[in-house]
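Can you build the whole structure from these sequences, using the hints too?
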Amino acid sequence: MSLVINNLHAKIADTEILKGVNLEIPTGEIHAIMGPNGSGKSTLSKIICGHEDYEVTAGTITMDGQDVLELDVDERSRAGLFLAFQYPMEVPGVSNANFLRAALQARLPKGEEIDAVKFYHTMYEKMDFLEMDRKFTGRAVNEGFSGGEKKRNEILQMMMLDPRYCLLDETDSGLDIDALKVVAKGVNSMRAENRGFLLITHYQRLLDYIKPDKVHVMADGQIVRSGGFELAETLEAEGYDFLKS
Amino acid sequence: MDDVNISDQIDEDTQAAIDVNQSKGDFTYDVKHKYDAGVGLSEATVDYITDVKEEPEWIREFRKHGLKTFEDKPMPTNWATEDLNNIDFSKIRYYLSGGTKPTRSWDEVPDEMKETFERLGIPEQERAFLAGVEAQFDSEAAYSNMKEELSKKGVIFVGSTEGLKEHEEIFRPYFGKVIPTGDNKFSALNSAVFSGGSFIYIPKGVKLEQPLQAYFRINSESFGQFERTLIIADEGSEVMYMEGCTAPSFETSTLHSAVVELVALKGAKIQYVTVQNWSANVFNLVTKRGLAMEDAEIRWIDCNIGSRLTMKYPGVIMKGRRARGEVISIALANDGQHQDTGAKMIHAADETTSNVVSKSISVGEGRSTYRGQVHIPKHLKGCRNNTECDALLINSTSRTDTYPAITVRGNDHVTQHEASVSQVSEEMLFYMQQRGLNEGEAMSLAVNGFINDLVREFPMEYSVELKRLIDLEMEGSVG
Chain A
1 MSLVINNLHA KIADTEILKG VNLEIPTGEI HAIMGPNGSG KSTLSKIICG HEDYEVTAGT
61 ITMDGQDVLE LDVDERSRAG LFLAFQYPME VPGVSNANFL RAALQARLPK GEEIDAVKFY
121 HTMYEKMDFL EMDRKFTGRA VNEGFSGGEK KRNEILQMMM LDPRYCLLDE TDSGLDIDAL
181 KVVAKGVNSM RAENRGFLLI THYQRLLDYI KPDKVHVMAD GQIVRSGGFE LAETLEAEGY
241 DFLKS
Chain B
246 MDDVNISDQI DEDTQAAIDV NQSKGDFTYD VKHKYDAGVG LSEATVDYIT DVKEEPEWIR
306 EFRKHGLKTF EDKPMPTNWA TEDLNNIDFS KIRYYLSGGT KPTRSWDEVP DEMKETFERL
366 GIPEQERAFL AGVEAQFDSE AAYSNMKEEL SKKGVIFVGS TEGLKEHEEI FRPYFGKVIP
426 TGDNKFSALN SAVFSGGSFI YIPKGVKLEQ PLQAYFRINS ESFGQFERTL IIADEGSEVM
486 YMEGCTAPSF ETSTLHSAVV ELVALKGAKI QYVTVQNWSA NVFNLVTKRG LAMEDAEIRW
546 IDCNIGSRLT MKYPGVIMKG RRARGEVISI ALANDGQHQD TGAKMIHAAD ETTSNVVSKS
606 ISVGEGRSTY RGQVHIPKHL KGCRNNTECD ALLINSTSRT DTYPAITVRG NDHVTQHEAS
666 VSQVSEEMLF YMQQRGLNEG EAMSLAVNGF INDLVREFPM EYSVELKRLI DLEMEGSVG
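Quick note, the sequences are listed as chains A and B, same order. Using my numbering, the first residue of the first sequence is number 1, and each one after it goes up by one. Using my numbering, the first residue of the second sequence is number 246, and each one after it goes up by one.
Be a bit skeptical, because a hint or two may be false.
No farther apart than 27 Å at their CA atoms in a straight line, the calculated lysine-lysine pairs in the BS3-like style are these [stated by the list, open to error]: (1) K135(A) - K623(B); (2) K135(A) - K118(A); (3) K336(B) - K277(B); (4) K712(B) - K110(A); (5) K214(A) - K19(A); (6) K185(A) - K135(A); (7) K712(B) - K118(A); (8) K118(A) - K185(A); (9) K422(B) - K277(B).
Worth flagging that the hints you see were computed from the coordinates, not collected in a lab.
In structure tokens form, the structure reads like this:
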């Protein structure tokens, strides 16, 4: 079981962003992609989720053998793909509870209704774990949230939706150390044999709290190096310039 | 020109959902009308209505003055849409009734009318949460009843005809005073041919805990419905009145032109709640205004869905010191629809306060227009107005216009005006879809979020219905 990206090429307008990405994330593993700004690492996560701005010109993405590219954005989500956004969007007037409820409801067969008591019970449990105030359930999604609150909220959504493959795009950016620890606690609690993770990050800092099984380095639309945790340490010590050597 | 052609852009499921929506109000019964004023409008039409209804002579004169005023006034196309010129007044039937008096029991309502209201859920709502109901079918009420304890307290809740005949001493001093016949072309038309609507009187100090409801149903094709409502809340009393409206989808257009006058005497409170879901060929041209005396409060809570063209600007004249006026309105304009709505706040006493919050949603080629008038003259002191109007555009072809007119003279007043136009951004949709909602569900949720704070102002039973209607309207908006 794995998320497999094979020779993926993609462009936005006339600019080629991905130039043949190869990557396999088996369930049970956490992979990290590091790379300089503009290397295409954030774009990769959006393309995996089906963002309309990008056109896939060649290559394949499969999830446990299923062709991902032929699915719509929402179908990919319901099939088990989750993206924690670098910049989570605000949804004015829609409470966190209603948003999550709608997302879970969308996963049920027609005619079936969510059990409200069970839903709140589960949500409160996970909020307590993420040290989130229960008042958050009534606040509009991400509206007026601090950077840290938004990121915690992404992790809460991830925990509630129970995906098979989790993509986290620069989840560490803009987080103070306490918030980072909470986010890492959430991710680590979800580590499982039947779940894979892809962490996209600019810095090693996040990887000190979420230990990856593999580290990949992306540059100019391709994966240029792959290795273990030591690769992240090298990058941290020498900077991205070491790629040129 | 107003073909609704969203059907070829949407999938079957969505179409099915839309069909459900239309089918709720989209049915008609073949009813034999005992009284039919025929097609077209003349003095004979007016005489016919007065004769059939056995009205006093002063009403005949009132109607004739209305007819003359209607004929003399030009169509207001100098500021309003040219689409008004497509109303053919010579092809409308102005009065249709079965000739039966409204009954106090559903069992006595003629079968086809009873079935109509049962399909619309009215008797059920009455049992659940209403203090009284009037159900109008074409020109006349089929049913009118109120809880007995309210009659004992002196509350009057009857049709306009019964009101003017049986309660002339209360009815006549206020009738046509808040909205004079010549206010506009359509208030004049209503004055000429009005039938149905409610007359309500709440005695001093009586506070109704449950709402009164009227339901207006158009059943017949090429028909004009012209109900006339007058609500008088005596000193210190409180009432909430709710109205719902539907009509089937006919081939030809239908005209609904009501006049609603509210009078809140010293310290009284009136809340008037409307949820209309007209079919897409109804011209809905309604004049609504309230008079608020000292320390009185009038609130219009208004939701406009459907119709081909709605023109409605509920107003409050704040005539007594510390009177308060409020308009909360939601409008949803879909393909081929124009919601031209707004508010009129006329400050006519010191320390009066008005609040207008309007939110509109334009879908497809739908168009929404906000027109607001706030008037505070120079000689007054300590008046306040707050106006907020927000428009949400769903598609690139959707349209919105705002025409606020705020006249504030003198420097002892506080006014505040905010307006915004927004769109559901692609990035917001992507975010919601990434959580598993399809495009239609995501759009519905975003729209419900946009109006959420206003939906809360509606009574619970209506807000649930409102959310359902909006979901159904939105499902066809993406393709």
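Could you work out which earlier hints the structure fails to respect and list their numbers in ascending sequence? The structure breaks hints 1, 9; every other hint is satisfied.
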